[in-house]
Structures are given as C-alpha cells and as structure tokens.
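Novice: These protein sequence lines map, in sequence, to chains A and B.
For the first sequence, this note's numbering begins at 1292 and goes up steadily by one.
For the second sequence, this note's numbering begins at 142 and goes up steadily by one.
Since the hints were derived computationally from the structure, they do not count as laboratory data.
All values derive from a computational prediction rather than experimental measurement.
Beta carbons: idealized from backbone N, C-alpha and C, even for Gly.
Any given hint could turn out to be false.
What the hints assert, rightly or not - Footprint (simulated), chain B over chain A, 3 or more residues, beta carbon under 8 Å:
#: 1; stretch: 1297-1304
#: 2; stretch: 1411-1423
Stated by the list, open to error - Derived, one-sided and incomplete: chain B residues facing chain A with beta-carbon distance under 10 Å:
#: 3; residue: 234
#: 4; residue: 250
#: 5; residue: 266
#: 6; residue: 279
#: 7; residue: 283
What follows is the residue order along each chain.
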Amino acid sequence: MSLAALAEDHGLHRVGARPPFFAYLKQAWQRRDFITAMAGYRLRADLEGNRLGILWLLLQPVLNAVIYGIIFGVLQSSATRGEDYAARVVIGVFLWQFFAKSLTQGAKSITGNQSLVQSLAFPRLTLPVAEVIEQFLSLLPSMGLLVVLLPFMGHPPTWSWLGMIPLLFLFTLFNTGVALIAARLTVHVQDLSQLLPYLSRILFYTSGVLFDVSKIFKAHPAVMQLYDFYPLYQVLQMARSSLMGGFSYDPMYWLYFSIWSVVTFVVGLLFFWAAEERYGRD
Amino acid sequence: MTEPLTPLRPVITPDSVAADGRRPVVIVDDLHVKYRVYSSGKAIKRNTRGVLKAPSRGIRVVHALKGVSFVAYENESIGVIGSNGSGKSTLMRAVTGLTPPESGAVYAASRPNLLGVGAALIPDLSGDRNIMLGGLALGLTRKEVEELHDPIVNFAELSEFIDLPMRTYSSGMQARLKFAIATIKHHEILIVDEALSVGDRRFRQRSENRIREIRDNAGTVFLVSHSMTSIRDTCSRTIWLNKGDLIMDGPTDEVVTAYEESRR
C-alpha cells in the first residue's frame, strides 16, 4: 500500500490539487456573495475618499466623452465623422470603458492581489470575475445617464432600447472571458501589464468608438469584411442601432456577437482554470 | 552554533502511520519546495563574456524545503520553530496548498487554513464591512457572518470603533480585528503564523485560549512563532526547522530545550 492510498483511506486528499472543472465552477458559484461584496465594497472604497464620491461614476465617463468628442470632432472632417456624432461618441465611449477597464483591471486581478492569493484558499476565478462585476456596476450609472441624454440628442425612447439588456449581458460574458484570459497571461508574463495600455489604445482607435468605420473604409470593402469578425466593433454598432433610430446595421451581428461572447467566456473559464494551481506561486 | 545540525529524515511508511492508532490529519511526505527568483546577480558567480550576456539578471533557485516529512494527528497542536529563513512559513504555505511543491506531497483531511484573513480586508472600509468581507472570504455565507458579527466585535473589543474605517485603527486594533474574524470559523486544521506576537499581553492570552479551544474542538493547530513562551504554553509537540531541513520533531519541552541550547 502506498502512502497516497493510505491517505485516501483516512479521507485525506492531496492539498492544493486543482478540482475538476465543474466542481471548480460550483465552488466559485458558492462564493458569489464574496464576489459581489468585493466588487461593491472596492468600488465604494475607491470613490469614498473623493469629495464628490459616487458622483464620479457619472463624471468620469462624461468627461471622457466630452474631451474625446471635442478633439476628434474638430480633427475629423464631416465625411468620416458620421451622422449624429454626439450620440455615437457618448454611447461608444461609455461602453468602451466597460471593456477597457475589464481588460486592464482583470489582468491585474491575480498579480495585484498576491498577498490575498497567498493567504486564503478559494477559487481564484472569483478575483477576475469580481473585477468585471465592479466595472459592470460602475457602468450602470452611465447607462442611466444615456436614458436621460439621448432624448435631448433627438432620440426619444423606443422599444428597441430594450435590446440593450441582452446586449449588456453578452458584453459582460465577453468581458469576463477577456479578463480571465488576461489574468492568467499576466501571471505567466508580468510584462504584459506594461503592454496592455497600448493594446487597449489600438483597440480603442480601431473599434470605431470615435470614427464611422464604414465611411473611412468605403473604398476598401475587404477591410469592412474584416470588421464582421471584430466583436468590439459589433457591440458598439449594435448598441447604437438599439438606442439611435434610423441606424443601419446587419442583424446577423447578433448571431456573430453571441457566438463571440459565449466562446470567449467558455475559453476564458477553461484557460483560467487550467492554471489554478499556478496562481500564488512566487 | 557550534556543531552543524544533522537533518532528520524520517521515512513515513503506511505501516508507521497505521501503527500509531490515532487518526492522521496531515501527512507531509518528503516535501521539497523551490523558489525561482530573478536575482540581481550579486550573489551568483559572474561569468560574463560578451556584451549581450546580461551581467546581472539570472534566475536563482532557492531550495526552501529539502525533504520534510511528518504526520500530524487529530487534536494536536504543533509548534514550528527555527531561525529566520529556515522555511517555517514556506512549510506552512505548502501545507495549505498555496505554494506548490517541487516534489513530494501534502495530504490533508480538509483544506488547512492559514490564519490570514488580513489580505482580504480593505483599509478604507469600516470595521463592519470588513467583517462581512473577511467572513465571506473565509467561505461563510452572508447570513452566517451577520450572526457572527457581534461575537467578532466583542472578541476584538472594538464595539466603539466598528463603524470607523479600518485605516484609522491602531496596528494592535487591526490585528485584533483580523484575528477575531479569522478564528470565528470552525477550522479543522488551522495554521497560525506569528499572529500571536501582536496585541497586548491580555489579548495574547485571550488568543492563546482561542487556539486551545480550536484544538479541543477536534482541530489540529500549527503555530509558527519565535516566542518560546507561546510555543510552550500552547503546543504539545514541536517541529524544528533549519535551512529547509527538519532537525527535530518531538515533545515541545525536548525540542525547545535543544533549540535554545543550539542558539547559545
């Protein structure tokens, strides 16, 4: 009889062994209160030091939208700016922030919580997920603001606004997948956290947050075909088409983006789980 | 230290464990842990030829545990002693599964917990919210934490200040709160790493009592400490580590005496 078998006999298990995938997901689900508490408390702790406190959740995206909107509104000719520039930019910038922060904060979720990871045993999945939830919570006020702003920009509420609910759900799945992948990669290669801001900027300028991509690449239909495989572009276009009347888009985007988000989410879960034993190692 | 210490390498076999009769809770089997660290290169021999061979960056392997074996049984409280850098904390982290072994294995009846909820807490939040956060981090449910809230506050003796942000607490108050949160959960296997050195004398005694309570409730406790008084007061058995080797494993009195002898 080996020692391992004897351990088994007494009900002893190898410590730190990675649980099977579905058991792991179940353990993470049992920690859902921890995830939401961490997300909510962190958000609060970040803001409460400021005089305007929770108001910054509105001010930050608004200031971003105003600054980008003005600079790129002046720089661009009306040929590439697209119609309804203000509404496009506001929707684009608000949603963009959700993605960008999920990516950069998610990437830091393990390496930035090293001491927590080294002192308590819990499914590490909770850390990147809590980051995405925190970003989702901070997105909600700006979505509320959109509801107020859009009618002033000439877009009265319609039933199609409800399309934002499934869209935000899919977007959250997508961002969670991205955060999980980034979190694990950063553990292997710390340098990634130095690179991510640049990656994020490239995505920002290419995903059509500020530009009307279809106008810029009018002469290059091949490039536009590539955009059919660009999930970030699709999210922004779908959001605009739900919120702004008379905005043309291909309903197939719903199918594409659903596939994108589910695949990214599942791949992210598997990829993150596979290295569970690795997290916390110095 | 006059003579070099000879490592103790007990061979743990299924028979030796079974013969003991008591229920084993933790089996540490020939555990090796290595850390790979980027070093500044000062300590390693430089063999730099050519410009591209970076002179200062190299991976240095630190062999932190060199084949440690022991068996811990139910209702035992085990002291872990040794000078700084002897591998005590590494051993404890490996026992909790937080540091993966290079070779060998640790088997345990349930996941050992390190008494270290502190890292989950957020200094800008009030004591109240930190109790909730810490409790959830330990795996309790929201309702359980709510029920345990008052006992935690009472044990930490912080009822006046519990609504203030934790960063405004003194270091002793913070340590009390962390200890109170961490020990509120029923731990089958608990590891206490230097947590008792904080706080005043009265709190130290109360926390030592708390640890004895845990042990008496069918728990197994590991206590890492530099305070031989704490070790003698709380532990029946002691393990002595030196530079990653197990030197002695036996009744506290014998081991502590030998340890103190060696340091003269």
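Novice: All the hints need checking, so say for each whether the structure fits it.
Specialist: Comparing the hints with the structure gives:
no.	hint	in the structure
1	1297-1304	holds (count 6)
2	1411-1423	holds (count 3)
3	234	holds (7 Å)
4	250	holds (5 Å)
5	266	holds (5 Å)
6	279	holds (7 Å)
7	283	holds (5 Å)
Consistency note: the structure conflicts with none of the earlier hints.
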